[in-house]
Amino acid sequence: MEDKQKPDGIVLTEAQQKSRRQRSVAIALALGVLVVLFFAVTLVKGPAVLVRPM
Amino acid sequence: MSVVDHHAIELSPRISEAAPADYIALLKPRVMSLVVFTALVGLMIAPGHVHPVLAFTSILCIAVGAGASGALNMWYESDIDALMSRTANRPIPRGRVTRPEALAFGMTLAFFSVMTLGILVNWFAGGLLAFTIFFYVVIYTIGLKRWTAQNIVIGGAAGALPPVVAWVAATGSLSVEPLLLFLIIFFWTPPHFWALALFRNDDYARAGVPMLPVVAGPDATRLQILLYTIVLVAVALAPWPLGYFDAVYGVTSLVLGAGMLGLAINVYRHREGSQALRATRKLFAFSILYLFALFATLLLEVVVHALMPSIW
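From first to last, the protein sequence lines are chains A and B. Under this note's numbering, read the first sequence as residues 1 to 54, first letter to last. Under this note's numbering, read the second sequence as residues 1 to 312, first letter to last.
Chain A on its own, in the form it takes in the complex:
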């Protein structure tokens, strides 16, 4: 007798996969913006980047 085994673990529906992908892209973009921002401010401040007045 053929016994079809169910896949182990949680199987995401198409909608769940799509929304997860969208959220991952959004997080990646946000992190990318943060990296660019820190890089740009470092260029702008130059050596003064370590001077952070209270």
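Just so you know, these hints were derived from the structure itself, not from any lab. Treat the hints loosely; a few may be bogus.
Okay, the calculated bits of chain B under chain A, using three or more residues with CB under 8 angstroms as the criterion [to be verified]:
hint, stretch
1, 13-20
2, 52-62
3, 110-122
Here a beta-carbon is modelled for each residue, glycine too, at the ideal position from N, C-alpha and C.
Please arrange chain B on chain A, whose structure you already have, making use of the hints.
Below, chain B without anything else, positioned relative to chain A:
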């Protein structure tokens, strides 16, 4: 016989189907847009030159901080949001985002906005932004909102701080001008929100939020709206004779103030039926225009002065 039936409990973890749009809704984009605008004015009227990258960073951090406050507000208020027609469609009551997800989202954004502003701009501004988020979430949302009818009077301080944070980001210090902007928004908040509360009275009563119309009644609220509007108009006009803002601002403030006062008197006079409803809706709508136009005038003056310095 085993006392535990292994087949009785089927673990089915909740898998989120929330899209980025649901998380953007948690940020309260409309509130955020007003915060960005008032902060931009605070930044632009500050003396001295601010590098555009630092200016952009400051406004971005203030916007994200405001968004974090919105998300944390929705985390805490999801129970009453579900009861009010105005807020029932928010991501948590709709089941798109869970409360722990909103909490984690809000805390993450709050942390990154404060740290980024502190590290990249200055720690005075970063600290002030942290205080603003703390004030809105802990003092207003958790402490005052369900406890006293003065909730939005005291809580209004949180909404009034963004231009001050922006000024501090630009200059590294405090001065009278940003405090004047703070006072304008602070005294603008009660008439604006009480006008909203007057025509959303049933919503707030159903949710058990002690807004002034629910606790003291519509007539007492109408009087308070009028009194606060008189103070607002005076406070918004004062910077002109005191010499902080010039005549263009003064005349604009005078004209807009007359409009605001006229509508507040209308709200006070018309207490029954459709006329009363129309009067409160008009005041609510005009109050947004009032604040926007007042701050836009300051912004316009800075821009015109920068482009054509000979005019002033």
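(request) Tell me, in ascending order, the numbers of any earlier hints that this structure violates. (result) Per hint list: zero violations.
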